[in-house]
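Novice: Letter by letter, the chains look like this.
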Amino acid sequence: MNTSLIIIFAFAILALYLGIRSTRGKDINMDEFAVGNKGFGTMFVFLLIAGEVYTTFTFLGGSGWAYTNGSAAFYVPAYICLAYVLSYWLIPKVWRYSKKHNIISQPSYFASAFKSTSLGVIAAILGTVALVPYIMIQLKGLGIIVSEASYGAISPALASTIGAIIVTIYVIISGIHGSAWTAVLKDIMILLVIIFLGLYIPYHYFGGVQPLFEAVQSSAPEKLTIASSGLSISWFVSTVLLNALGFYLLPNSFTVALTASSEKALRKNAITLPLYTLLLLFAFFIGFAAIIQIPGLQGSEGDLSLLRLSIQTFDPWIIGVVGAAGLLTALVPASVMLTSASIGLTTGVYKVVKPNSTDRQQLLVSKILIIFIVMISLYFAINGSDALALLNILSYALITQLAPALLFSFAKKPLLNKYGAIAGIIVAVTFVFYMQITGSKIATFFPNVPSVINDISTGMIALIMNFIIAIVVSIATNGLIKETEDEQLPTTGHSVADELAVTKED
Amino acid sequence: MKYIKLLLIIPFIGMILCLPLANRIEPYVFGLPFLLFWIVLWMILSSVIMTIIYKFDPDNKEGEA
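These protein sequence lines map, in sequence, to chains A and B.
With our numbering, letter number 22 in the first sequence gets 22, and the count goes up by one each step, no holes.
With our numbering, letter number 33 in the second sequence gets 539, and the count goes up by one each step, no holes.
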């Protein structure tokens with residue numbers, strides 16, 4: 001065992017201890033397990049939402065993308081920032097409705113807002129399908145980080161497995177509380193490490209940030225602007241918009257929003273989080289420095305640029321700290337994702353199948369599901385081979401298809417009904433899968449389209465189809481909804497907007 | 507002040523619509539290539555704009571008592 005591996009293990013054990021200890025003296029029921037009884041203050045919510053930003057993707061993917069694709073990597077801070085801007089308006093509405101109806105998961109939100117258990121089931125399945133690649137990315141990233149940082153003393157597969165076991169134990173014991181406490185440790189570590197690396201490396205090798213970029217400009221100027229085709233401006237813009245919309249639709253972010261104790265906490269966080277996201281700059285500095293210092297990493301190997309450059313630069317004990325920070329950036333987001341995926345399936349599917357199940361039964365089912373989801377994710381993490389960022393994009397392409405249903409749930413008039421919402425989602429998701437599996441682009445069907453259109457991301461095209469279909473089907477089936485509602489409910493159904501208006505007057 | 511939240515559109519315009527104009531390396535600003543500076547600038551301005559909205563947002567006045 002070498003120095004860095006000892007440091008990494010020490011932090012792994014500390015995270016496990018904090019995670020387990022976090023619920024001491026608390027009686028854990030579903031609400032407490034899933035969203036901390038909606039009682040988290042600004043600080044915890046901040047750290048948990050920021051946890052989504054500072055995942056292994058930041059650590060490996062952020063620098064990796066800058067290394068491989070140059071400025072295209074800037075799409076990450078751009079979409080995260082705009083997601084927060086959007087959230088200032090959007091998320092308090094979701095929170096208010098959920099508080100009133102005692103909702104603890106995204107599928108329950110959709111089921112309740114559209115009075116449709118089917119939509120809840122679809123949201124639960126879609127959420128899980130989007131999250132599994134995400135959890136897989138975390139576990140895979142964890143394996144890479146620990147293996148590299150231990151100078152190969154431990155294999156990526158073994159490291160991923162150990163990480164998966166740690167996260168499973170503390171999530172099963174503590175639920176979202178475990179995530180909140182480990183998030184504190186994680187954010188302190190990642191702040192220290194990324195700022196240190198991001199400043200030390202440019203100054204050490206180039207004498208400053210501007211000299212670093214000037215060196216890149218003279219050897220590879222194409223890395224410093226967005227390309228004219230492929231990862232072009234239209235790719236950039238469509239991906240940023242899609243991901244900004246999808247950010248809070250990922251069940252983990254949605255869940256975290258529900259843990260807040262007040263709307264104000266959510267708004268305050270929306271204000272400060274873009275500044276916190278600026279830290280991604282440092283990851284980019286490292287990626288750009290690696291272009292000059294360690295050229296020749298091919299394809300998904302680019303994800304290793306941060307670690308390889310660090311290993312070339314520093315002593316083993318610093319590498320141990322870097323590896324520990326990397327480990328935590330995988331554990332915390334993975335734990336939130338696991339909790340939200342399992343709660344989503346429990347509330348969206350299990351409760352529909354067994355409506356009379358007790359709180360205890362639901363909690364048990366959630367915990368079994370956690371183990372199940374971890375095992376699937378771990379399997380793919382060890383056996384899959386795709387680069388991190390591509391999977392990240394597919395997750396967003398899928399989950400963002402819930403956007404029409406979410407946005408229209410606030411509409412004053414019920415423009416979208418459950419049939420429309422479901423039809424839109426099914427068509428769009430099928431389209432995303434078809435395009436991904438067959439490797440198609442728009443040019444596959446229309447060979448003469450200019451690259452401005454061909455480069456628009458698949459998820460965005462699917463989303464546009466989704467909106468159109470949802471509205472058309474809603475208009476066509478509105479009569480149907482009226483009839484069934486007249487039969488079942490003599491009083492008119494309340495839309496989310498009605499209820500929000502009522503709550504405000506209270 | 508009911509429509510103050512419409513200001514939230516400004517960061518989208520700055521970050522996305524104006525991007526083709528900012529897609530260049532020079533001039534360097536604060537040591538950053540212009541494109542990266544532009545994105546950083548809008549991250550900071552997003553925060554500033556939301557702070558202004560927060561100050562005037564009638565939703566924050568409720569439940570303060």
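A few of these clues could be false.
Unchecked claim - If the Cβ cut is set under 7 Å, some of the chain A residues that face chain B in the computed set are: (1) S71; (2) F74; (3) A78; (4) V85; (5) W89; (6) Y205; (7) V209; (8) Q210; (9) I226; (10) I271; (11) L275; (12) L278.
Stated by the list, open to error - DMTMM-like mimics (lysine to aspartate or glutamate), calculated; alpha carbons at most 20 Å apart, straight line: (13) A:K93 to B:E532; (14) A:K100 to B:E532; (15) A:K99 to A:E263.
No lab work stands behind these hints, which were simulated from the structure alone.
The model shown is predicted, which means the values in this text are computed figures rather than measured ones.
Note that beta-carbon positions come from the ideal geometry of N, C-alpha and C, so glycine has one too.
Novice: Which earlier hints turn out false for this structure, listed by number in ascending order?
Specialist: 6, 13 and 14
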